[in-house]
Every structure is written in structure tokens, then in C-alpha cells.
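A.B. asks: Residue numbers (this note's numbering): 6 to 59.
Cut-off 27 Å, straight-line C-alpha distance, at most; resulting in silico cross-link-like pairs (DSSO-like, lysine-lysine):
1) K33 <-> K19
2) K11 <-> K40
3) K33 <-> K11
4) K33 <-> K47
5) K40 <-> K15
6) K15 <-> K33
7) K40 <-> K52
8) K52 <-> K33
In short, the hints are calculated from the structure, not lab data.
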Amino acid sequence: MALVVKSAVKAQLKGFRVGGDFFAALDKQIAETLKTAMARAKANGRKTLRAADL
Numbered sequence: 006m007a008l009v010v011k012s013a014v015k016a017q018l019k020g021f022r023v024g025g026d027f028f029a030a031l032d033k034q035i036a037e038t039l040k041t042a043m044a045r046a047k048a049n050g051r052k053t054l055r056a057a058d059l
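Given these sequences and hints, build the entire structure.
C.D. replies: This is the structure we're talking about:
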């Protein structure tokens, strides 16, 4: 499942080219960040993610 809207990312990267493997790696990194944030919130007894969880 793609977590990123490619067109939105490309709009932020004006003037840069994007390699074919970039979006897969970005999705993987975001998924790992989300897992870490969820684990931190759960460890703190919360179901709400906050900026501090990142």
C-alpha cells in the first residue's frame, strides 16, 4: 500500500529528478516511522499519536 502521494512529493521536489526506487524507499521509511510512533504511544498508554511520538 502506497503511503505517499507521488504528485505531492514531486511538487515539493521541484528542480530535482526522482529515481525509480525513491518512492518505494520513502514508503518503507514512512511505514517504519509510523510503527515506531504507534509503539511509543502504546507504551505511554495512549491511542492518540502526537508529534512527540515521531
